[in-house]
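Chemist: Going down the list, the sequences are from chains H and Y.
Mapping to the working numbering: the first sequence position 78 is 87, numbers consecutive.
Mapping to the working numbering: the second sequence position 267 is 357, numbers consecutive.
Hints were generated in silico from the structure; no laboratory data involved.
Source: prediction; values computed, not measured.
Among the hints, a few may not be true.
Listed below are the simulated BS3-like cross-link pairs for lysine-lysine, each with C-alpha atoms no more than 27 Å apart in a straight line [said to hold, decoys possible]: (1) H:K84 with Y:K308; (2) Y:K308 with Y:K118; (3) Y:K436 with Y:K319; (4) Y:K424 with Y:K319; (5) Y:K118 with Y:K187; (6) H:K88 with Y:K417; (7) Y:K417 with Y:K436; (8) Y:K118 with H:K88; (9) H:K84 with Y:K187.
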Amino acid sequence: MDRDRQEAYWRANTALIRNLLIVWGLVSLVFSILLAQPLNAIRLGSVPLGFWMAQQGSILTFVVLIFVYAFQMDKLDRKYGMRK
Amino acid sequence: MSAELWTILLVALSFLLYLYIGWRSRVKDSSGFYVAGQGVPQIANGAATAADWMSAASFISMAGLISTLGYDGSIYLMGWTGGYVLLALLLAPYLRKFGKYTVPDFVGDRYYSNAARLVAVVAALFVSLTYVAGQMRGVGIVFSRFLQVDISTGVIIGMVVVAFFSVLGGMKGITWTQVAQYGVLIVAYLIPAAAIAYILTGNPVPQLAFTFSDIVGKLNQIQLDLGFKEYSQPFANRSMLDVLFTTLALMVGTAGLPHVIVRFYTVPNVRAARYSAGWALLFIALLYTSAPALATFARYNLISTLHNQPITEVRQLDWANKWEKTKLLTFDDKNNDGRIELTPDKNTSEITIDPDIIVLSTPEVARLAPWVIGLVAAGGLAAALSTASGLLLVISSSVAHDIYYRIINPNASETQRVFVGRIMVGLAVVLAGYFGINPPGFVAQVVAFAFGLAAASFFPAIVLGIFDKRTNREGAIAGIIIGLLFTLFYIVGVKFYGMQPWLFGISPEGIGTVGMVINFIVTLVVSRLTPPPPIAVQEMVEDLRSPAGAELPTEAVH
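With the rest of the complex left out, here is chain H (with noise of 0.2 Å):
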């Protein structure tokens, strides 16, 4: 019983890694590298979009990654009743 439930919680926190981890690669590798070129074609304000998220918002997309693994995680740990 405590076994499933602990496989179950080990389940539910990989499924969100590689759920976060997919918006990582792509904000990151995709987009600011993979795809800056034609995305530099777009303009955000006055600069090219494939620059800009290389430069300003892949930054600020981790940040965000974080903070959402380490809420998500808090629901996680309450549900399966892994913290008092």
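Chain Y: place on chain H using the hints.
Modeler: Okay, now just chain Y, sitting in the frame of chain H:
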């Protein structure tokens, strides 16, 4: 009051503050010495991690590098921040649950082997020693630029200050001085950045000024007019593949650097480890999103003030004159037309700009009050000293804890352990200072590769140690050794022996990514071909995955 007096005053005040904090945080027990008694609040640990992380290079050189490289400078911006996502999701919470004092502790226990522990110790020492030498050199350089003392004197002053709070207070002293150092360095960075943003765009928030003003557009146009590529144009200096691999190597390397990882051992519980990674990156992002804005503004400003101006007029500018004397900025009217021109070709360009000048000269270029110049000096020193102290603790604990206590004398008393720790910090300071005064020629080149080596060694071993129960001793050791050797071979070959970067033209800076992939593959394959880890180790991994029970007993907290 002159800029020089302000510099002496502000540097002295900040040093007194660090000494005072070090005295207040002195410790007696080994837990206090190595992991600050695991009682550091999450936001404070975030600030300490940010200061630990942002070195003299981040503070002084990064904006200048970006200014020179344009889009391609993003490898540093993304590489040195993206790793925190990996750290927060894949490493920090589990290592905090593990709760021991060092990275080799985890490797040695998880892979039930003192051989693995030793390999990890050697890797940690190598990475930290190369890195710390650069920091002490940075301290000397800041002193010599701002106060005209010679570099050796500067290094020695820095050594005395670092030695005081780290020998007395260990991790606890280091942590709380790092919190103060973060305060100093971020204020020192943001004031000039905000000032130049306001002067050029009327908006004092550098990030907003960068995004919503037309400076990037104007700079792109100027660059084209002068025959450069557009500032925002990707892959002007590196191929797309190389940018990708280098960024990844820096990210993974960041997550694998021992002095960053150990900071997450110092918080009270697993939840605090997750949040404090977020705070750390938020504090880092304040500087890292300002740097590209500063880089753009400063480049625009330098080109528009200097290019095609009569050389006699330029030499009348106070700051141009001063920085020309330091040789960081040079003018040479090669075609004798009385005007100086900036061109992409080094042989015809009449202006050369050293990257370091971007941050250092901004207060003067933007005509800020002299105390801001003093503040920038104090900020640069804070950045170098905070990183140096974090590294010194890793060096000390590698020898005093991992080798002396865990391998040579497991029966050592608390007093003996703390005593050996203090001695080792002291020795490490002297060694770092020696390298700071007499930098071996290879240091500057090697520091950048600390990341590649960390990526190819620690990161896979720790991640698989947590996420793959089947990974065993044989697999981990084989993976670390082969990953490390491959990376080292490629770097040394290309850098020192003129080997062609034969692997798709990937530069030595980016090869750590390949080393990491090799490490992962070797570890997984060898683990499957050899017996599984003992039941006790598998249970330990199971336990790491559950956040409960990492808290200290209540009496230890009070």
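Chemist: Hint by hint, say whether it matches the structure.
Modeler: Consistency of the hints with the structure:
Proposed proximity of H:K84 and Y:K308 is contradicted: the alpha carbons are some 48 Å apart, above 27 Å. A distance of roughly 59 Å separates the Cα atoms of Y:K308 and Y:K118; the hinted pair therefore is violated under the 27 Å criterion. A C-alpha spacing of about 15 Å is found between Y:K436 and Y:K319, which places the hinted pair at or below 27 Å, so the restraint holds. Taking the CA atoms of Y:K424 and Y:K319, the gap is about 23 Å. The hint holds against a cut of 27 Å.
At most 27 Å may separate the alpha-carbon atoms for a hinted pair to count; Y:K118 and Y:K187 meet this at roughly 24 Å. Between H:K88 and Y:K417 the CA atoms are separated by roughly 62 Å; this puts the pair beyond 27 Å, and the hint is violated. Only pairs whose Cα atoms come within 27 Å are accepted, and Y:K417 paired with Y:K436 is accepted, the gap being roughly 16 Å. In summary, the hint linking Y:K118 to H:K88 is not supported, as the alpha carbons are separated by about 40 Å, beyond the 27 Å threshold.
The suggested pairing of H:K84 with Y:K187 holds, with an alpha-carbon distance near 18 Å, which does not exceed 27 Å.
Checked against the numbered hints given earlier, the structure breaks hints 1, 2, 6 and 8 and satisfies all the rest.
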